[in-house]
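Visitor: Spelled out from the first residue to the last, the chains are:
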Amino acid sequence: MLNTRIVDSNKEKIELIRAEKFITSSKCGASIYFVGTVRDSNNNKKVISMTYDSHDTLVIKSFKEIYKSSIKKFNFGNSVVFIEHIKGKIKLGEISILIAVACKHREQAYELSRFFIEEIKKKTPIWKKEHYEDGDSEWLVGIPIQKD
Amino acid sequence: MIIKLELYGVSRDFSKENFIIFNLEEKSTIKELRVAIINFIVENFKNNESYKKIVNSSAFCSDKDEIVNDNYKISNNEKVGIIPPIGGG
Chain U
1 MLNTRIVDSN KEKIELIRAE KFITSSKCGA SIYFVGTVRD SNNNKKVISM
51 TYDSHDTLVI KSFKEIYKSS IKKFNFGNSV VFIEHIKGKI KLGEISILIA
101 VACKHREQAY ELSRFFIEEI KKKTPIWKKE HYEDGDSEWL VGIPIQKD
Chain H
1 MIIKLELYGV SRDFSKENFI IFNLEEKSTI KELRVAIINF IVENFKNNES
51 YKKIVNSSAF CSDKDEIVND NYKISNNEKV GIIPPIGGG
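For the record, the sequence lines run as chains U and H.
Following the working numbering, the numbering of the first sequence begins with 1 at its first residue and continues without gaps.
Following the working numbering, the numbering of the second sequence begins with 1 at its first residue and continues without gaps.
Heads up, a few of these hints could be off.
As the list claims (entries may be wrong) - PhoX-like, lysine-lysine: derived pairs with alpha carbons at most 20 angstroms apart:
1) U:Lys147 / H:Lys73
2) U:Lys72 / U:Lys61
3) H:Lys64 / U:Lys147
4) U:Lys104 / U:Lys73
5) U:Lys13 / U:Lys129
6) U:Lys122 / U:Lys87
7) U:Lys87 / U:Lys13
8) H:Lys46 / U:Lys61
9) U:Lys45 / U:Lys89
10) U:Lys68 / U:Lys147
11) H:Lys52 / U:Lys129
12) U:Lys64 / U:Lys129
13) U:Lys147 / H:Lys46
14) H:Lys16 / H:Lys46
15) U:Lys87 / U:Lys121
16) H:Lys16 / U:Lys129
17) H:Lys79 / H:Lys46
18) H:Lys53 / U:Lys61
19) H:Lys16 / U:Lys89
20) H:Lys79 / H:Lys16
21) H:Lys64 / H:Lys31
22) H:Lys53 / U:Lys129
23) U:Lys61 / U:Lys104
24) H:Lys79 / H:Lys27
25) H:Lys64 / U:Lys64
Simulated from the structure, these hints should not be mistaken for lab results.
Take the sequences, apply the hints, and build the full model.
Guide: In structure tokens form, the structure reads like this:
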């Protein structure tokens, strides 16, 4: 079971409670929450906020494809996955991505959680622009998108 | 033919709008579009090498939201998205 969404930072924040409601299941004995947040420094520059840009349709498509790949790769029965990614500008410490997974066993949950974030980094069209204390800002260098 | 190039990530710096319109030859492919964008960079950003590198390492996506290769034939009035190197999460 999968739930994915892009969250507009102008309207709302990413909150764990939505994920918790979705992944809670008596069929699953282990849950993992991966939470990505804005860090205060990068390359010796003081970061004060971050803007996330995305190709929304491709992002959701990518999340669904990664989910399909995970079923094919791991074949964990009854696994539940919830993914939200922010779009727009957020401050230090605010959540940019939340990946919540629930599986029967803890080994499966750890493996699935790690799989999702690593695949998203390679296959999901999202970009980050850092804003610095001195007023400057910069798009971060990424990697060419990988196709399946 | 007219192509609307939709901008994402760092390529948003190429224009104040979130798109650029290109007029290309009929039956042009992504390969020709890439050349047209490079020419646009040369003319508008003093041959900015960093921008040219971004264009050369970008993927493109079609109107149907599919990542397409350099041989993909673009249709008249098609919206094509430029997908610069990614780094979300």
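Visitor: Confirm or reject each hint.
Guide: Hints and how they fare:
no., hint, in the structure
1, U:Lys147 / H:Lys73, "holds (19 angstroms)"
2, U:Lys72 / U:Lys61, "holds (17 angstroms)"
3, H:Lys64 / U:Lys147, "holds (16 angstroms)"
4, U:Lys104 / U:Lys73, "holds (16 angstroms)"
5, U:Lys13 / U:Lys129, "holds (18 angstroms)"
6, U:Lys122 / U:Lys87, "holds (18 angstroms)"
7, U:Lys87 / U:Lys13, "holds (10 angstroms)"
8, H:Lys46 / U:Lys61, "violated (37 angstroms)"
9, U:Lys45 / U:Lys89, "holds (18 angstroms)"
10, U:Lys68 / U:Lys147, "holds (14 angstroms)"
11, H:Lys52 / U:Lys129, "holds (19 angstroms)"
12, U:Lys64 / U:Lys129, "violated (25 angstroms)"
13, U:Lys147 / H:Lys46, "violated (32 angstroms)"
14, H:Lys16 / H:Lys46, "holds (17 angstroms)"
15, U:Lys87 / U:Lys121, "holds (15 angstroms)"
16, H:Lys16 / U:Lys129, "holds (16 angstroms)"
17, H:Lys79 / H:Lys46, "violated (26 angstroms)"
18, H:Lys53 / U:Lys61, "violated (27 angstroms)"
19, H:Lys16 / U:Lys89, "holds (18 angstroms)"
20, H:Lys79 / H:Lys16, "holds (18 angstroms)"
21, H:Lys64 / H:Lys31, "holds (18 angstroms)"
22, H:Lys53 / U:Lys129, "holds (18 angstroms)"
23, U:Lys61 / U:Lys104, "violated (26 angstroms)"
24, H:Lys79 / H:Lys27, "holds (15 angstroms)"
25, H:Lys64 / U:Lys64, "holds (16 angstroms)"
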